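Participant: Sequence:
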Amino acid sequence: MRTLSFFLLVALSTGNLLAQQDCKLYFLDKPGSSAEYHHFDGKEKYTGKSVMTVKNKTSIPGGIQLTIESTSYDKDEEKTFTNNFEVKCINGVFTFQMDNYFTPQGETQTGTIEITGDELDIPANPVVGQMLKEGTVTISMTDNPVFRMSIKVTNRKIEAIEPVTTPAGTFECVKISFDVESKMVFTIKAKGIEWYAPNVGLIRSESYDTRGKLTGKEELVKLVR
Numbered sequence: 018m019r020t021l022s023f024f025l026l027v028a029l030s031t032g033n034l035l036a037q038q039d040c041k042l043y044f045l046d047k048p049g050s051s052a053e054y055h056h057f058d059g060k061e062k063y064t065g066k067s068v069m070t071v072k073n074k075t076s077i078p079g080g081i082q083l084t085i086e087s088t089s090y091d092k093d094e095e096k097t098f099t100n101n102f103e104v105k106c107i108n109g110v111f112t113f114q115m116d117n118y119f120t121p122q123g124e125t126q127t128g129t130i131e132i133t134g135d136e137l138d139i140p141a142n143p144v145v146g147q148m149l150k151e152g153t154v155t156i157s158m159t160d161n162p163v164f165r166m167s168i169k170v171t172n173r174k175i176e177a178i179e180p181v182t183t184p185a186g187t188f189e190c191v192k193i194s195f196d197v198e199s200k201m202v203f204t205i206k207a208k209g210i211e212w213y214a215p216n217v218g219l220i221r222s223e224s225y226d227t228r229g230k231l232t233g234k235e236e237l238v239k240l241v242r
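Residues 18 to 242 in the working numbering are what the sequence shown spells out, letter by letter.
There's no promise every hint is true.
Claimed, not checked - Restricting the straight-line Cα-Cα distance to at most 27 Å, the calculated cross-link-like pairs of lysine-lysine (DSS-like) are:
1. Lys-60 - Lys-200
2. Lys-62 - Lys-92
3. Lys-174 - Lys-41
4. Lys-92 - Lys-66
5. Lys-174 - Lys-96
6. Lys-192 - Lys-174
7. Lys-150 - Lys-230
8. Lys-92 - Lys-60
9. Lys-41 - Lys-234
10. Lys-230 - Lys-200
11. Lys-47 - Lys-169
12. Lys-150 - Lys-234
13. Lys-206 - Lys-62
14. Lys-92 - Lys-74
15. Lys-239 - Lys-92
16. Lys-60 - Lys-150
17. Lys-169 - Lys-41
18. Lys-150 - Lys-174
19. Lys-60 - Lys-230
20. Lys-192 - Lys-234
21. Lys-206 - Lys-47
22. Lys-234 - Lys-92
23. Lys-92 - Lys-208
24. Lys-239 - Lys-62
Derived from the structure by calculation, the hints contain no laboratory data. In this text the structure is predicted, and so the values were computed from the model without any measurement.
Start from the sequences, fold in the hints, and give me the full structure.
Facilitator: So, in C-alpha cells, the structure goes:
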C-alpha cells in the first residue's frame, strides 16, 4: 500500500509539474515584478497611470495562480484606488475575471456597489482567426435597484501574432479584437483591440467608437522584473 501511495503521489506531482510547464502566462510571473501603464483619451492626452505588481505565485491543481495588486493614479499622480485580484493558467489556458479590472466593491453614500463578471481566456497556442470566450460584467447597487449597468464583451478574435513597440520595448504579441456593449439607461456600442505578450501581459489596448474613432488608449511604459 505504501508503494502504491508513493507512485500515486509521484504521478500526481509529475502531472501538476507538466501542467505548469504547458502554461503560458500572459502576465509577469515573478513576485515583486511590476508593469506600469499610461492611459490616454481619444486625443492621446495623458489621463493617468496604473501599476500592476505581482504579490504572490502559487501552484494550483492543473497550473499556476498569481495574486496581483493594481494601483491607479490620476493625471496629477494622486492615488485613486488599489485592488487585488487573481489570474490563472490551468491546463494551458490563461484566464482572468472581467471584474478584476474595475473599481473595487465597497460602500458609497447611496449604497453598496457590487461587481460580478465572467471569465475570459487566452490560449497557450493561439491561432489567427480563433474565436475566444465572451463575457459580461454587471455593476449594481444594493440600496438602489434602479442602478444596474452591464458591459458585454463579444466577438473576441485573435487577429494576428505581431510585434508591438512601446516605451518599455518591443514585444511579440497576440492581437485580440472584440466588441463591447454597455447598457444602463441606454446602450453604447464600441470596439476594442488588445495586444498581449507571453510572460509580460498587456502591452497596449485601444478603444474605438462604432465609427472607428479612437476614444482611449493604454500602453506599457515600464517593466520591473
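Participant: To test your reading of the hints: which numbers does this structure violate?
Facilitator: 5, 11, 14, 16, 21
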